[in-house]
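Protein chains: 2
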Amino acid sequence: MRDVSVVGIGQTKVKEHWNKSLRELATEAILAAMKDGHVENVDALYIGNMLSGELTGQENLGALIADEAGLRGIEAMKVEAACGSGGAAIRAGYLAVAAGAYDVVIVAGAEKLTESSNCYTTASLAMAADADYENVHGISFVALNAMLMRRYMYEYDLMPEDFAMFSMNAHANAANNPYAMFQSPITLEQYNRARNVSDPISVMDSSPVGDGAAVLILMPTTSLNGNSARAIKIAASAVATDSLSLHARRDPLWLSAVELSARKAYEQAGVTPHDIDLFEVHDAFSIMSVMSLEAAGFASRGRGAYLARENEITPKGRLPLSTMGGLKARGHPVGATGVYQAVEAVTQLRGEAGKNQVIDARVAMTQSLGGVAANAITHIFTN
Amino acid sequence: MRDVSVVGIGQTKVKEHWNKSLRELATEAILAAMKDGHVENVDALYIGNMLSGELTGQENLGALIADEAGLRGIEAMKVEAACGSGGAAIRAGYLAVAAGAYDVVIVAGAEKLTESSNCYTTASLAMAADADYENVHGISFVALNAMLMRRYMYEYDLMPEDFAMFSMNAHANAANNPYAMFQSPITLEQYNRARNVSDPISVMDSSPVGDGAAVLILMPTTSLNGNSARAIKIAASAVATDSLSLHARRDPLWLSAVELSARKAYEQAGVTPHDIDLFEVHDAFSIMSVMSLEAAGFASRGRGAYLARENEITPKGRLPLSTMGGLKARGHPVGATGVYQAVEAVTQLRGEAGKNQVIDARVAMTQSLGGVAANAITHIFTN
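Protein chains in written order, with the numbering used here: chain W, 215 to 597; chain R, 215 to 597.
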């Protein structure tokens, strides 16, 4: 397999884009990435998206977006792994370049969640869980996470406040990210007083629904030519799965897909959790951050929340998380999120993260989850 | 890139599967393919599907189906390119094996179209076309094809009857395929008297809505070991795109994505159209067969229909088409269809096609189209 590097990145701001369609958002991010990477000719496009059919009545996004971006004719397809679709699209693009099939590949993630009514968006997001055994009972996706958080708090004797630092860190970081949906820090008091969504998950534990698109341009590391100056290497690309439904897991409090894909990624990159300088974690809900930290080997079982309490997750801490705002505050346009994470990791490794710059960042990890970590797609980037 | 072979195939019958869910259909085909290929351990699953979200309320099919088939943990994701999703999934699986990432990969195509009301299925299928510029006017997918057929007949001075042989051949072949939806031949009189769907397309020009799943198991050609006896090589895998909307094409009567992907495939396989022993064409509507034959180089412009009139498309003809019934009579569970085509091509190259066997078949081509050939995914198989 050929080594693969990221030579260009692009993104739109995450927000409720009432005046831009899905195709416009995706095209804006693609053109930005092509400009950033000084790339004019492209061989293929893999686009991560979860709900374009349900919410905007549009499937066949690959051909549509390729054409819209002026690339009519190239190979193009959509890749879907629920909220992990962006990570899965990176994986597909990575394989195409690693195989030697193509030399310039666009990986896009794009999602428009606000084209529909809020309740229909919520119902559609639940399609990430098991339709026949979970959704049929009317449970929403946040409610599944709330059950996990409740059980976790019971098992490890925690309070909601123990999760606060994850959200506070995310919001503090987003304040310095012009592409983030929420650009204001939050206080512990705001966290504690936040309205309930699905007990014990409050709005301050939840990532917001938003629209956006993010893009990577991938090339083989050996043929970067004029693109090498700011190129960032993909040192690992790994995917693992778990059951969709929580009841089918032997241990609902352990994210085995996260563990498996992180292990594979560490092995590929030849690193350990200690080598990771920053981790773009899938903080769709704060319980997911905590459980991901444990399964990925950054904290022992039941101790994930303590990492945050000990203040180690800020950009100056031992393991900076959600360095540009994370899903919580940058926003979570589901199928685009995995690519946003990668764009942010590349920004850090280029040393272009401004006030949120992680000093001497050399190794960055991103993890994109589909469903309640039914899919886990882990990438490790190095400069 | 490593050479890739098909070592196992599986399929369910295409029909209205009222008593089987999407996950059951997919799993049935996967287990059949694993048995056929004597495969017990699998590294990854790529599943082609278009409408699981819209029609069955289920996204995240990759993880779901992997788990259901007893393969929890492996890499899995869904690939979508509208009606060409099956072909796109083969492409994704091919790249994973060609890259050297995996040694045993399952490619599945699965679709359940009859879980919903007919009118909702029709509306969902229209998501293969342009939501903002075509569907918004209320046009259905068959109506788009009807406009093409009408224009084609006008330009080349043809009658509907000139298209009859494509459907008659498909139905005759399906009669010998136990997995086909329609197993009865049709006469010219039946074709001529068929009820109108969208003038000039009749039910006898249209592939039927159905449920089904089909599966390939791919391995690197160099490490087949005990699987080599009936292995069939993938000699080419190529994807190209066109605009989704018909009005945006310079020449609506020319399928440029078909031309482009077929050309790339011929080049990869080192063959010409003359070398193709059978062609599983995307005969969603008979006009698509005719235009595909021209764009793929089997007939000159405006002469595609004559191939059928000259009786050259039967299993004993010069270019056998739809040898196991095609989309028209085997049935068209959209996201599964591209994989059915490949299963049938492999069946032919193994010499296991029974009464429909193409004598001395050595080179088989399949083409999976998304939208009105907005995506064209071409594969060439050799034994």
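Just to be clear, a hint being listed does not mean it is correct.
It does not matter which identical chain is meant; a pair holds if it fits inside one copy or across any two.
When the alpha-carbon atoms are kept at most 25 Å apart in a straight line, the in silico SDA-like pairs for lysine to any residue are as follows [said to hold, decoys possible]:
1) Lys229 with Gly314
2) Lys234 with Ile353
3) Lys530 with Pro434
4) Lys447 with Gly484
5) Lys530 with Gln397
6) Lys227 with Asp346
7) Lys234 with Arg477
8) Lys478 with Lys569
9) Lys478 with Met215
10) Lys234 with Asn349
11) Lys569 with Thr336
12) Lys249 with Thr401
13) Lys234 with Pro392
14) Lys447 with Ala313
15) Lys234 with Glu526
In short, the hints are calculated from the structure, not lab data.
Each hint, compared with the structure:
{"no.": "1", "hint": "Lys229 with Gly314", "in the structure": "neither (37 Å within a copy, 40 Å between copies)"}
{"no.": "2", "hint": "Lys234 with Ile353", "in the structure": "between (31 Å within a copy, 24 Å between copies)"}
{"no.": "3", "hint": "Lys530 with Pro434", "in the structure": "neither (32 Å within a copy, 46 Å between copies)"}
{"no.": "4", "hint": "Lys447 with Gly484", "in the structure": "within (14 Å within a copy, 34 Å between copies)"}
{"no.": "5", "hint": "Lys530 with Gln397", "in the structure": "within (19 Å within a copy, 69 Å between copies)"}
{"no.": "6", "hint": "Lys227 with Asp346", "in the structure": "between (36 Å within a copy, 23 Å between copies)"}
{"no.": "7", "hint": "Lys234 with Arg477", "in the structure": "neither (40 Å within a copy, 37 Å between copies)"}
{"no.": "8", "hint": "Lys478 with Lys569", "in the structure": "neither (32 Å within a copy, 48 Å between copies)"}
{"no.": "9", "hint": "Lys478 with Met215", "in the structure": "both (16 Å within a copy, 22 Å between copies)"}
{"no.": "10", "hint": "Lys234 with Asn349", "in the structure": "between (31 Å within a copy, 18 Å between copies)"}
{"no.": "11", "hint": "Lys569 with Thr336", "in the structure": "neither (34 Å within a copy, 52 Å between copies)"}
{"no.": "12", "hint": "Lys249 with Thr401", "in the structure": "neither (38 Å within a copy, 59 Å between copies)"}
{"no.": "13", "hint": "Lys234 with Pro392", "in the structure": "within (18 Å within a copy, 49 Å between copies)"}
{"no.": "14", "hint": "Lys447 with Ala313", "in the structure": "both (16 Å within a copy, 17 Å between copies)"}
{"no.": "15", "hint": "Lys234 with Glu526", "in the structure": "neither (38 Å within a copy, 50 Å between copies)"}
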